[in-house]
Amino acid sequence: MRISIVARPKPRVSPAVIVVLAALALDAAAPAPAADVGPTYAIRGCRIVPVAGPAIEKGVIVIRDGLIESLGPAGKVRIPDDAEIIEAEGLQAYPGLITAFSSLFLERPARSAGPEIPFEGPPPAAAQGTREDTFPPGPGLFVLDQLKPSRAAVESFHRAGFTTALVAPERGIFEGQSVILDLNGEALLPMVIRNGAALHVNFTTERGAYPSSLMGTIAHIRQSFIDAEYYAARQAQYAKGAAGLKRPAYDPRLEALVPFVRDRRPVVFQCNNVEDIKRALKIIAEFKLNALLAGANEAWRAADVLGKAPVPLLVGLDFRPPAASRYTTQGEELRKKAESAIYPANAAELAKAGLPFALVSGANADGTAVLKAVRAAIGAGLAEEAALRALTIQPARFLGLDQALGTLEPGKIANVVLVRGGLFDEKVRVVRVFVDGVRFDYETEEASK
Amino acid sequence: MKNLALPLPRAAAILALAGFVVAFGPRPAAADGGDILIRNGTILTVTKGVIARGDILVLGGVIKAIGPDLAAPPGVRAVDAAGRFVVPGLIDSHTHIAVAGTNEGSEAITPEADVGAVVNADDASILTALSGGVTMVHTMHGSANPIGGPNVVLKMKWGRPSEELVVAEALPTLKFALGENVKQANRTVAAGRERRYPATRMGANAVIRRELEKARNYMARWDRYKKAAAAKNPPRTLVPPKKDLRLEVLAEMLRGERVARCHSYQATETLEFMGLAREFGFKIQCFEHCWEGYKIAGEIAAAGIGISGFADNWAYKMEAAEGIAEMAGYCARKGVLVSINSDSGERIRRLFNDAAKTMKYGGLSEDEALRLVTINPAIQLGVDRIVGSLEVGKQCDVAIFSGHPLSAYARCDMTIIEGRVYFDREALAREREAAAPAAAAAREVGGLQ
Numbered sequence: 117m118r119i120s121i122v123a124r125p126k127p128r129v130s131p132a133v134i135v136v137l138a139a140l141a142l143d144a145a146a147p148a149p150a151a152d153v154g155p156t157y158a159i160r161g162c163r164i165v166p167v168a169g170p171a172i173e174k175g176v177i178v179i180r181d182g183l184i185e186s187l188g189p190a191g192k193v194r195i196p197d198d199a200e201i202i203e204a205e206g207l208q209a210y211p212g213l214i215t216a217f218s219s220l221f222l223e224r225p226a227r228s229a230g231p232e233i234p235f236e237g238p239p240p241a242a243a244q245g246t247r248e249d250t251f252p253p254g255p256g257l258f259v260l261d262q263l264k265p266s267r268a269a270v271e272s273f274h275r276a277g278f279t280t281a282l283v284a285p286e287r288g289i290f291e292g293q294s295v296i297l298d299l300n301g302e303a304l305l306p307m308v309i310r311n312g313a314a315l316h317v318n319f320t321t322e323r324g325a326y327p328s329s330l331m332g333t334i335a336h337i338r339q340s341f342i343d344a345e346y347y348a349a350r351q352a353q354y355a356k357g358a359a360g361l362k363r364p365a366y367d368p369r370l371e372a373l374v375p376f377v378r379d380r381r382p383v384v385f386q387c388n389n390v391e392d393i394k395r396a397l398k399i400i401a402e403f404k405l406n407a408l409l410a411g412a413n414e415a416w417r418a419a420d421v422l423g424k425a426p427v428p429l430l431v432g433l434d435f436r437p438p439a440a441s442r443y444t445t446q447g448e449e450l451r452k453k454a455e456s457a458i459y460p461a462n463a464a465e466l467a468k469a470g471l472p473f474a475l476v477s478g479a480n481a482d483g484t485a486v487l488k489a490v491r492a493a494i495g496a497g498l499a500e501e502a503a504l505r506a507l508t509i510q511p512a513r514f515l516g517l518d519q520a521l522g523t524l525e526p527g528k529i530a531n532v533v534l535v536r537g538g539l540f541d542e543k544v545r546v547v548r549v550f551v552d553g554v555r556f557d558y559e560t561e562e563a564s565k
Numbered sequence: 105m106k107n108l109a110l111p112l113p114r115a116a117a118i119l120a121l122a123g124f125v126v127a128f129g130p131r132p133a134a135a136d137g138g139d140i141l142i143r144n145g146t147i148l149t150v151t152k153g154v155i156a157r158g159d160i161l162v163l164g165g166v167i168k169a170i171g172p173d174l175a176a177p178p179g180v181r182a183v184d185a186a187g188r189f190v191v192p193g194l195i196d197s198h199t200h201i202a203v204a205g206t207n208e209g210s211e212a213i214t215p216e217a218d219v220g221a222v223v224n225a226d227d228a229s230i231l232t233a234l235s236g237g238v239t240m241v242h243t244m245h246g247s248a249n250p251i252g253g254p255n256v257v258l259k260m261k262w263g264r265p266s267e268e269l270v271v272a273e274a275l276p277t278l279k280f281a282l283g284e285n286v287k288q289a290n291r292t293v294a295a296g297r298e299r300r301y302p303a304t305r306m307g308a309n310a311v312i313r314r315e316l317e318k319a320r321n322y323m324a325r326w327d328r329y330k331k332a333a334a335a336k337n338p339p340r341t342l343v344p345p346k347k348d349l350r351l352e353v354l355a356e357m358l359r360g361e362r363v364a365r366c367h368s369y370q371a372t373e374t375l376e377f378m379g380l381a382r383e384f385g386f387k388i389q390c391f392e393h394c395w396e397g398y399k400i401a402g403e404i405a406a407a408g409i410g411i412s413g414f415a416d417n418w419a420y421k422m423e424a425a426e427g428i429a430e431m432a433g434y435c436a437r438k439g440v441l442v443s444i445n446s447d448s449g450e451r452i453r454r455l456f457n458d459a460a461k462t463m464k465y466g467g468l469s470e471d472e473a474l475r476l477v478t479i480n481p482a483i484q485l486g487v488d489r490i491v492g493s494l495e496v497g498k499q500c501d502v503a504i505f506s507g508h509p510l511s512a513y514a515r516c517d518m519t520i521i522e523g524r525v526y527f528d529r530e531a532l533a534r535e536r537e538a539a540a541p542a543a544a545a546a547r548e549v550g551g552l553q
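Protein chains in written order, with the working numbering: chain A, 117 to 565; chain B, 105 to 553.
The hints are simulated quantities; they were obtained by calculation from the structure and are not laboratory data. Computed from a predicted model, the values in this text were never measured in an experiment. It is possible that some hints are incorrect.
Stated by the list, open to error - Selected chain A positions facing chain B (in silico; Cβ < 8 Å): (1) Ser328; (2) Gly332; (3) Ala335; (4) Tyr346; (5) Gly357; (6) Gly360; (7) Glu391; (8) Lys394; (9) Leu397; (10) Ile400; (11) Ala440; (12) Ser441; (13) Gln446.
Claimed, not checked - Label pairs and their in silico Cβ distance ranges: (14) B:Ala272 <-> A:Arg310: 34 to 44 Å; (15) B:Arg359 <-> A:Asp420: 28 to 38 Å; (16) B:Trp326 <-> A:Thr484: 50 to 60 Å.
To be verified - Cross-link-like lysine-lysine pairs, in silico, DSSO-like; alpha carbons within 30 Å at most: (17) B:Lys399 <-> B:Lys347; (18) A:Lys398 <-> B:Lys318; (19) B:Lys330 <-> A:Lys398.
Beta carbons: idealized from backbone N, C-alpha and C, even for Gly.
With the hints as extra help, turn the sequences into a complete structure.
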């Protein structure tokens with residue numbers, strides 16, 4: 117735990133001194149002095165839901181320089197002298213919610229609202245010369261390069277309790293690589309927790325070009341991984357001894373795929389229906405990938421096969437049955453029932469089956485709508501406790517970030533959400549949000565009365 | 105339900121459940137464990153003659169006994185087929201149902217595009233097939249490409265997960281196509297895109313030959329590599345060939361592990377394709393449609409090739425102009441293994457009507473005509489050991505018709521697969537009747553008049 121290594125606020129010093137101090141710090145492993153030391157806060161009097169353990173009534177959370185320094189019952193936590201005290205009586209503190217699959221800050225071309233499988237292809241003539249054009253999809257694409265952060269988008273997510281988001285690319289079959297962001301302001305780069313977080317693959321088709329059918333797409337995905345494995349093996353063989361070997365040709369596309377087939381870096385398959393899940397599982401087994409499944413709103417229908425090969429599920433909260441589903445084609449009555457009762461129960465069924473899942477915002481850019489959908493999942497049988505874990509510690513684990521995020525514990529990043537009411541109550545109000553220890557206030561004095 | 109002899113008061117409940125599940129449910133179609141006793145029906149065994157009045161006992165999905173007055177173990181459901189005709193479940197040797205996408209039409213040669221990878225168990229055509237007594241289909245790649253992709257054999261287990269539909273025992277097949285569909289695929293292309301090769305019949309033959317040559321070379325490269333790698337001290341610079349999914353499938357066919365199913369209309373192209381098979385040593389299992397098969401029936405029969413054709417509707421396009429309604433019956437009499445196919449998610453429910461047409465056009469007997477949609481397609485698909493006729497030891501795939509299945513007045517009342525009821529016309533009617541008041545109430549409130 118990093119609890120003891122905290123930077124003390126210091127008087128302003130010249131950059132030269134900082135360099136010297138930094139060098140000393142490295143030598144002596146002393147607390148690292150930084151040019152920008154975040155403020156210290158003591159949140160006092162709130163009920164703490166740490167997720168890591170039982171709730172604490174009337175607790176205190178001390179935040180120093182972006183990390184949680186300490187937390188516990190009011191009497192047991194010393195409030196530092198330099199802390200700005202934030203009175204939070206009547207409020208509840210939760211870990212910042214994590215959506216492990218979103219399209220936050222992504223501008224997308226207008227698309228029909230129906231539940232159809234996204235159809236990707238070359239940009240239409242009207243879009244020539246736009247951003248779409250400059251970033252053709254492919255395994256080497258970093259979605260980070262396409263993002264346009266906005267205060268409104270951050271606020272919309274904060275107001276639903278989200279402080280961390282994985283942003284996934286969303287065009288093409290090999291869509292590119294995602295980025296994980298901590299929503300700590302408006303500037304993009306300071307938000308980045310990890311770029312190239314995962315490779316994203318979608319079972320879609322290319323308009324008028326190969327592959328134009330789903331079966332072609334599956335062959336294309338498999339052949340690409342075969343080619344990448346072969347490419348890696350040839351490069352390795354050549355690196356070991358070039359004499360007598362023809363130099364392998366450089367291929368940027370395969371080069372980008374190599375870490376995912378050779379080094380088991382994570383691959384996320386977008387699964388638009390129950391069959392996509394089975395298709396993905398076959399590919400995962402064939403290439404021994406370290407994979408996650410996203411979307412998966414019919415995952416309960418594949419519970420049997422998922423039980424045999426547990427893969428982390430990033431379960432979307434889109435309750436519309438897929439276009440070709442029996443729940444869509446057997447009449448309007450069943451479709452409505454499916455959307456209102458059957459699909460919202462997906463998460464509850466997965467919990468019952470003991471399958472690991474996180475709940476994700478997906479393409480939904482409206483934070484409160486995401487929370488509303490979480491409430492629908494709870495209404496359909498998902499325990500609140502399970503829902504909370506699926507939005508905090510579970511995604512943190514899936515993303516390999518559980519040392520730093522996902523619960524309220526000393527040493528973790530200070531992502532804290534203060535709400536009036538229960539997080540999953542219909543009338544919940546997000547009062548304040550801390551992200552990386554940066555404070556955002558969302559409730560005015562009048563509103564709180 | 106009048107044709108059921110259920111000793112239990114639970115009868116109504118079971119029926120209601122079966123009806124609901126057949127229509128909508130994601131659960132198994134019937135929870136009777138594959139055990140069933142079909143009583144007092146006229147049994148058309150297809151291979152062992154007609155039993156005017158007899159019973160079929162099924163345990164664990166397999167036919168245990170056929171004969172008069174059989175007794176079932178306690179608890180086994182009994183279906184009274186008195187006055188009805190019990191026939192083997194019909195088999196459609198050529199369809200495109202229960203898949204997501206039919207053609208990988210972007211390129212002419214796509215053996216990597218595997219239909220088995222895109223099965224969609226939610227396709228309502230499965231229900232349509234069941235309503236016509238069809239229990240098994242050969243779902244094929246479309247005819248847009250000279251070499252399409254591998255096909256899949258499915259049982260029509262509506263409500264069961266996709267992997268349970270796939271018939272693993274079936275012969276692996278690969279779709280080929282000749283003639284106009286191949287020539288005219290991608291006839292209109294977007295500006296700036298080249299029209300796809302081939303655009304003529306001679307081109308189709310040439311491109312298939314070229315690809316088979318490639319596959320031969322590919323196999324030879326692997327053979328050379330394996331030989332070198334197995335040597336005592338393989339050279340450090342030995343490089344394996346790259347695995348190519350497209351050529352792997354063709355290699356399977358050239359090694360005899362997969363058979364060709366070739367869409368052909370005209371006699372000339374059909375003979376030319378037989379020439380290719382002789383040249384490269386692969387097995388043609390069946391010609392599809394084969395409208396001019398009657399001109400070369402002797403050659404086709406001598407080569408041990410089957411025909412999967414239509415019963416009528418000839419001359420619907422120029423290349424079918426010399427098709428005749430007598431084709432199927434004539435070729436069957438000439439010793440060709442003929443089956444009648446639907447090639448359609450709608451006509452599939454009238455496959456038995458189509459089979460009957462060969463009696464009028466072609467002069468086949470009842471027995472011969474029935475073979476065209478039962479044991480003959482089973483032989484074509486390599487599954488005649490397990491289905492296609494009613495014999496002890498075979499899987500119990502059965503259709504119960506209200507009259508003789510070759511009568512224009514007959515309809516299918518019940519369809520059973522491996523001893524489970526997947527279609528029950530009367531239960532379904534009941535279910536609809538029960539649902540009618542609710543639907544009517546909705547109409548009274550408003551909506552379309």
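We went through each hint and held it up to the structure:
1. Ser328: Holds: closest Cβ of chain B sits about 4 Å from A:Ser328, inside 8 Å.
2. Gly332: holds (4 Å)
3. Ala335: holds (4 Å)
4. Tyr346: holds (5 Å)
5. Gly357: holds (6 Å)
6. Gly360: Hint on A:Gly360: holds, closest Cβ of chain B at ~4 Å, below 8 Å.
7. Glu391: holds (6 Å)
8. Lys394: Hint on A:Lys394: holds, closest Cβ of chain B at ~7 Å, below 8 Å.
9. Leu397: violated (11 Å)
10. Ile400: Violated - the Cβ of A:Ile400 stays beyond 8 Å from chain B, reaching only about 14 Å at its closest.
11. Ala440: holds (6 Å)
12. Ser441: holds (5 Å)
13. Gln446: holds (6 Å)
14. B:Ala272 <-> A:Arg310: 34 to 44 Å: holds (43 Å)
15. B:Arg359 <-> A:Asp420: 28 to 38 Å: Given about 34 Å between the Cβ atoms, the range holds.
16. B:Trp326 <-> A:Thr484: 50 to 60 Å: holds (59 Å)
17. B:Lys399 <-> B:Lys347: violated (42 Å)
18. A:Lys398 <-> B:Lys318: OK: A:Lys398 and B:Lys318 at ~28 Å, within 30 Å.
19. B:Lys330 <-> A:Lys398: Holds, at roughly 27 Å.
Hint compliance for this structure: hints 9, 10 and 17 are not met, and every other hint is.
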